[in-house]
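Residues per chain, in single letters:
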Amino acid sequence: MVVHPASLALVQAAKQGDESAFELLLEPLLGQGYRLACAMLHDHHAAEDAVQEAAFKAWLKVSQLREGSEMRPWFLGIVANQCRSARRSRWWSVVRTNEPEQARAPAEDAVLEGVELRRALRSMDPAKRLVLVLHWYLDLPLEEIAAVAGTTVHAAESRLLRATQELKRRMEVSGGQP
Amino acid sequence: MDNLSFRAEFHRALDPLAPPAPWLAAAVREEQQRRRRKMGPVARGARRLAQPSWLLPAVAALLALAIILAIVVGARVLLLNQTVPVKPPQHGLAGPAGCPGWGKNSQRGQGPASDRMTSRSVGWVNGALRTTDGGANWQQEEPDAMLSDAPRGTDPAAYPPGYVDYFLDSNHAWLAYGYPSTGSCFDHVTVVSTSDGGQSWRRSHPVNAAIQADSFLGLQLFFIDPQHGWLMVLGSGRLAPDWFVYTTFNGGIDWQLLQQMPLGSSWCSLEFISLEVGFLGGCQNSSGPSPELTVTRDGGRTWNAVSLPALAGSQQFTVLNPVFFNKDQGVIHISTQVFHDNTSTQSDFLDATDDGGQTWRALPALSIPGYAQSFGFTDPSHFFVLVTDGKGSNSSVYRTADGGRTWSSGGVLPALFQNYPAIMFVDAQHGFVDEPSQQIGASPVAFYQTNDGGRTWKDMHPHLS
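Protein sequences appear in the order of chains Z and D.
Each residue of the first sequence is one higher than the one before, starting from -8 at the first, in our numbering.
Each residue of the second sequence is one higher than the one before, starting from 533 at the first, in our numbering.
Worth flagging that the hints you see were computed from the coordinates, not collected in a lab.
Take the hints with a grain of salt, since some may be wrong.
[Stated by the list, open to error] Reference excerpt, derived from the structure (chain D facing chain Z, CB under 7 Å, subset only):
no. : residue
1   : R539
2   : A540
3   : F542
4   : R544
5   : A545
6   : L546
7   : L549
8   : A550
9   : A557
10  : E563
11  : K570
12  : H737
13  : R833
[Claimed, not checked] Which bits of chain Z does chain D cover? Going by a derived footprint, with three or more residues having C-beta under 8 Å, they are:
no. : segment
14  : 20 to 26
15  : 35 to 42
Computed from a prediction, not measured in an experiment: that's the story for all the values here.
The beta-carbon is built from N, C-alpha and C at its ideal position, and this holds for glycine as well.
Could you build all of it, start to finish, from the sequences and the hints given here?
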């Protein structure tokens, strides 16, 4: 994993309590954090809340960021955890996860494009969904996917392979393009 | 599919879920600063103090020990004293005795149907049923959370008291319903919203309905865009019936009480054409020298009556919802009843406005054989009307392309309608006729589609997927 010296210096400053350094590190990651949360929660309001909460937790925990660790996978890992918590609190944010997969006729609306993939993705185990989103949507390298998912590079690679195959199978079943 | 195409497919599927949020960084920065200020310098300083490496495991061990001790002592107490009461888990509350329960009967008989086709293929009907194929297959999209509010043993196909829905477009929909407390049948109202065609739903903060209703709860929703909407609550029971108007600026999550309106128990519905200007249409049994339309020009805070052109010989009329094509031009349907001995005849009139509803002018008398079951308006020129002779003949369609000056016969629908049908056109050529079910969450009784401006109609054979 490449650790940029400038970034390393900022991390050190943030760990010492430098709020500006922390903001400089965090702000470029908010967009990716938001997209990850949207893809996991399928609700952009809940995603905004998740990113807010993750940013605050990151501030509280930045002293725990290990020497040599990159900020991006560490922060995206916090966002992913926050999404898991948000999904558990169903009173507030209601996301349908166990909806039966039923084929829909192709729709004309542009917003309905990709509906089969979204449905297939929603029906998958959150751990698999996470690696799929990180790889296919956020274009993260395997090393960072492993760091976000809290596993080894080898395990992340095989999880990604299995998840991709499963996703394509589910899309075929529901009538979308594999 | 190669990797590049698959990656592109991911972006096509997930980009609509993540609308641009250019303000996010500023919002996060502001919230972080607020929270850090709230923590105060002591807490922030404490965060920076280096903690001994043994402290966390030691605290964890102590906590674990305390939990084990609590379990052991608790188990002994329970074994020794079997009479310790255990509070049963609470599911949905049914409210006090006599409260209206969950059911399937629609309120549509008391108000306009929410059914709406939002494109040639996508549409919604009452009960959050959605079609993506022009009305053949209908799929239930109602949120699981609504069912989790139901009292134990409720039929899973039932809907809560006061249930109402509103569909803005193919993706944005809102559902509202009341729920009880132990002392009130309708303690609060909940609004649930989706912005992705029902794939995910978000629940509002509870709306304190400020009503003492114990026999009836009527709700109406209207949204002018995905963020701005209005909610009307009518409660009747111990107190005189009153309407309460609420508004939201964040897509239905928070609602603010705007106004209490002494409308009696008239069932009206909201129609806004801007954040300021709105109308109460569909009010039944209006009577007087001339029909009136209730209008607000300050976003719902104050309401006044605007007189519509007088109708000679009319005894009773219903002013239906106005339809606006832009902020100035609109049209409204007035249905009148004239009584003779023990019978009555219905006549239909159209009025139009060119100044945002401040003044209305009567359009030429309708030259149709029979009475109007439903109007469809696509633009200031093209109107459609579903006509019946009331003697058992099939309904037929009449159309105008010159703003109501002349009408010509369109096609005949191959069915007799038992319920109130609705005609809807998404443009001058593509339209639908919907005979709604009397039950919420059921597919339409009949659904027809035209692609040639109403000349020919195809039976879509609607069914629930």
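Here is what the structure says about each hint:
1. The criterion of a C-beta within 7 Å of any C-beta in chain Z is met by R539 of chain D, whose closest approach is roughly 5 Å, and the hint holds.
2. With a cut of 7 Å, the hint placing A540 of chain D at the interface with chain Z is violated, because the nearest CB-to-CB distance is about 10 Å.
3. The criterion of a C-beta within 7 Å of any C-beta in chain Z is met by F542 of chain D, whose closest approach is roughly 4 Å, and the hint holds.
4. Among the interface hints, the one on R544 of chain D holds; its C-beta lies about 4 Å from the nearest C-beta in chain Z, closer than the 7 Å criterion.
5. A least Cβ separation of about 3 Å between A545 of chain D and chain Z falls short of the 7 Å threshold, and the interface hint therefore holds.
6. Against a cut-off of 7 Å between C-beta atoms, the interface hint on L546 of chain D holds, since the closest Cβ of chain Z lies about 5 Å away.
7. For the restraint placing L549 of chain D at the interface with chain Z, the shortest Cβ-Cβ distance is roughly 5 Å, inside the 7 Å limit, so the hint holds.
8. At its closest, the beta carbon of A550 of chain D sits 4 Å from a beta carbon of chain Z; the interface hint therefore holds under the 7 Å criterion.
9. Taking 7 Å as the C-beta contact cut-off toward chain Z, the hint placing A557 of chain D at the interface holds, the least distance being around 5 Å.
10. With a cut of 7 Å, the hint placing E563 of chain D at the interface with chain Z holds, because the nearest CB-to-CB distance is about 5 Å.
11. Evaluation of the K570 of chain D hint against chain Z yields a violated restraint, the C-beta minimum of about 11 Å exceeding 7 Å.
12. With 7 Å as the threshold, the beta carbon of H737 of chain D stays out of range of chain Z, its nearest partner Cβ sitting at about 9 Å, so the hint is violated.
13. Hint status for R833 of chain D: violated, given a least beta-carbon distance of 27 Å to chain Z, over 7 Å.
14. For the segment 20 to 26 of chain Z, the stated coverage by chain D is satisfied: 4 residues place a CB nearer than 8 Å to a CB of that chain, which reaches the threshold of 3.
15. Figure legend: the segment 35 to 42 of chain Z, annotated as covered by chain D; annotation consistent (6 residues with Cβ-Cβ distances under 8 Å, at least 3 required).
Of the hints listed earlier, those the structure fails to meet are numbers 2, 11, 12 and 13, in rising order.
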